[in-house]
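If you're matching them up, the sequences are chains H and R in order. The opening residue of the first sequence carries number 0 in numbering that gives the first Met the number 0; numbering runs sequentially from there. The opening residue of the second sequence carries number 0 in numbering that gives the first Met the number 0; numbering runs sequentially from there.
Calculated from the structure, these hints are not laboratory results. Predicted, not measured: the structure shown is a model, and the values here were computed from it. Ideal Cβ placement from N, Cα and C applies to all residues, glycine included. Hints are supplied without guarantee of correctness; some may be wrong.
Partner residues are not named here, just some residues of chain R that face chain H (Cβ under 7 Å, in silico) [stated by the list, open to error]:
#1 H47
#2 G78
#3 R80
#4 A81
#5 L88
#6 R99
#7 G102
#8 L103
#9 S108
#10 T148
#11 D150
As a plain string of letters, each chain reads:
Protein chains: 2
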Amino acid sequence: MSYVSVEKPNILLLAGGVGGAKMAEGLAAIEGITLSILGNIADDQIFHGLWVSPDIDTLTYSLSGLVNRDQGWGLANEGSRALDMLKQLGNDTWMFLGDRDFGLHIHRSNRLKQGYSRSQITSEIAHALGIGTPLILPTDDVVQTRLKTKDGWILFQDYFVRQKCAPEVLDIHFEGADQAHPTSKALKAISEADLIIIAPSNPILSIAPILSIPGIRDALTASKATILALSPLIGGKPVKGPADKVMKAMGLEASATGIARYYRDLIDQIVIDHQDQASKAEIEAMGLVCSLDDILMCTRQDKIRLAHALLANHAAFNGFSCPEAAQ
Amino acid sequence: MSYVSVEKPNILLLAGGVGGAKMAEGLAAIEGITLSILGNIADDQIFHGLWVSPDIDTLTYSLSGLVNRDQGWGLANEGSRALDMLKQLGNDTWMFLGDRDFGLHIHRSNRLKQGYSRSQITSEIAHALGIGTPLILPTDDVVQTRLKTKDGWILFQDYFVRQKCAPEVLDIHFEGADQAHPTSKALKAISEADLIIIAPSNPILSIAPILSIPGIRDALTASKATILALSPLIGGKPVKGPADKVMKAMGLEASATGIARYYRDLIDQIVIDHQDQASKAEIEAMGLVCSLDDILMCTRQDKIRLAHALLANHAAFNGFSCPEAAQ
Chain H
0 MSYVSVEKPN ILLLAGGVGG AKMAEGLAAI EGITLSILGN IADDQIFHGL
50 WVSPDIDTLT YSLSGLVNRD QGWGLANEGS RALDMLKQLG NDTWMFLGDR
100 DFGLHIHRSN RLKQGYSRSQ ITSEIAHALG IGTPLILPTD DVVQTRLKTK
150 DGWILFQDYF VRQKCAPEVL DIHFEGADQA HPTSKALKAI SEADLIIIAP
200 SNPILSIAPI LSIPGIRDAL TASKATILAL SPLIGGKPVK GPADKVMKAM
250 GLEASATGIA RYYRDLIDQI VIDHQDQASK AEIEAMGLVC SLDDILMCTR
300 QDKIRLAHAL LANHAAFNGF SCPEAAQ
Chain R
0 MSYVSVEKPN ILLLAGGVGG AKMAEGLAAI EGITLSILGN IADDQIFHGL
50 WVSPDIDTLT YSLSGLVNRD QGWGLANEGS RALDMLKQLG NDTWMFLGDR
100 DFGLHIHRSN RLKQGYSRSQ ITSEIAHALG IGTPLILPTD DVVQTRLKTK
150 DGWILFQDYF VRQKCAPEVL DIHFEGADQA HPTSKALKAI SEADLIIIAP
200 SNPILSIAPI LSIPGIRDAL TASKATILAL SPLIGGKPVK GPADKVMKAM
250 GLEASATGIA RYYRDLIDQI VIDHQDQASK AEIEAMGLVC SLDDILMCTR
300 QDKIRLAHAL LANHAAFNGF SCPEAAQ
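Go ahead and model the full structure; you've got the sequences and the hints to work with.
If you want it as structure tokens, here you go:
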């Protein structure tokens with residue numbers, strides 16, 4: 000099954016971690032489109048001297064099929080021997096890093112030391128693992144999300160993994176963002192896109208850091224593409240992660256309406272879950288096209304079905320011809 | 000069982016890899032002595048951006064009991080997931096590095112980056128793994144063995160592991176040795192030793208690099224200690240490794256006599272294998288005390304028995320009292 004139009008449409012997905020990776024998998028399975036993915040690098044953090052890039056790795060592992068399907072991140076068939084040794088040697092090991100995963104972090108860190116850019120390294124890893132979809136970074140500079148808690152500023156993984164999202168978030172800062180330069184690949188992908196999809200990722204912790212890179216938001220605003228966001232909430236709750244908590248902490252309403260309001264200056268359309276249909280009228284009143292769908296992606300079929308539905312919506316909106324039904 | 004003298008004797012072992020580690024284990028099991036070990040760092044090499052120290056690690060793994068007993072190096076209960084990933088990502092993986100082993104290399108490399116010295120890191124690892132015997136480095140500077148082959152100069156692990164000791168060795172150089180500074184711990188251990196044992200390690204590739212550090216050989220010469228070498232050859236052949244090949248390449252006779260001749264300016268005594276008894280008279284003619292023993296150490300009992308025998312010899316030579324029999 001493929002989407003046919005005058006041109007093979009260019010689809011760009013803005014993606015965070017697990018939710019973004021699931022959407023990426025769905026879209027990558029569809030023929031007749033040219034897919035690119037713009038990932039989040041602001042939850043990168045150094046562990047044991049190695050550069051770890053959790054969101055990009057989740058995308059990489061998902062698209063290569065190596066991902067641990069039960070947890071949605073990390074690798075299947077993992078071991079913990081390296082981490083066990085690090086623990087025995089007195090290191091903090093609250094961040095789980097498996098042995099195969101360590102192999103990748105060792106490789107990335109070594110390539111960084113050799114002078115390769117994060118973009119180059121990401122592309123070469125994707126290629127080595129058989130991924131055909133371009134995995135694009137918004138910047139090759141270091142941008143790191145910091146969250147202010149009552150005990151001070153902490154890095155994202157400290158908040159997310161070590162403290163299990165327990166501390167109240169008082170403020171959020173994307174350190175390094177104001178000095179960062181967008182990659183030319185990111186700007187090109189945005190300008191060439193026919194449809195830009197914002198994955199059902201945490202808007203504040205996964206998508207906002209991408210938008211924070213100077214030039215990225217402007218390029219999106221200037222783009223001729225339809226921009227469509229998927230709500231990461233179902234019945235006002237995130238499938239995974241602290242989106243609702245963090246939205247409330249930032250003074251936003253943790254609802255489909257709140258998501259639409261957050262993105263309203265950027266997007267044309269939003270797809271929200273059936274459970275949030277009460278928000279539809281309110282969202283449409285903002286001037287956005289709002290569709291209802293089943294957002295939850297458990298199986299591969301779910302991911303592909305949702306991807307088809309998004310493209311069908313888009314095709315209708317833009318006059319593309321497209322197959323009548325998802326598989 | 001313990002050796003009793005006026006003072007608890009200080010024993011210093013100069014050790015390379017597998018042979019040195021076996022001797023270290025034997026000596027470490029004996030009560031009534033104070034053992035220190037001076038290890039070889041010249042076969043250190045960077046792999047995948049991580050600092051790997053094979054001889055020191057073999058000592059560490061052996062003394063902690065974590066060693067893979069079947070091979071005499073590396074760790075028991077190892078995995079190869081990290082290395083498999085590195086291979087999948089396009090890296091040369093001829094040097095086997097297990098997952099637990101990677102944990103240690105990651106730790107060491109991170110500590111180096113944090114500014115700790117190789118000595119400090121070695122000590123802290125030994126402590127974390129429950130090793131009571133001080134593991135001393137001859138220098139904290141980088142000294143690396145390079146071997147000249149017809150294709151140019153290569154590092155030790157390239158020769159030993161990648162090329163399986165196949166190339167003819169035309170010359171050997173301990174790069175960095177002339178600029179290196181001995182550690183104060185090494186000099187102190189030498190000056191305080193009552194007995195210095197040169198392990199049955201490769202004299203040219205394991206012991207000579209230690210002796211090449213400025214100040215180390217002078218300290219040994221100035222030491223009041225008896226210096227005793229164990230021949231690494233049995234019937235003129237090494238138990239493991241290329242000692243005979245390298246000795247011949249360096250114009251030395253690959254025999255117990257050749258070993259004695261190589262060490263003669265440094266040592267007082269040498270212990271050679273029963274199979275090499277034909278060399279005894281020749282060695283004694285050099286003015287060295289020469290004893291015959293079974294050099295081969297397969298079991299833990301073998302290691303302890305040989306250690307006892309060395310100390311008994313030494314006690315006899317120096318008038319220490321000692322137990323009548325090894326266990």
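Consistency of the hints with the structure:
no., hint, verdict
1, H47, "5 Å, holds"
2, G78, "5 Å, holds"
3, R80, "4 Å, holds"
4, A81, "4 Å, holds"
5, L88, "5 Å, holds"
6, R99, "4 Å, holds"
7, G102, "3 Å, holds"
8, L103, "6 Å, holds"
9, S108, "6 Å, holds"
10, T148, "26 Å, violated"
11, D150, "24 Å, violated"
Violated hints, in rising order: 10, 11; the structure is consistent with all others.
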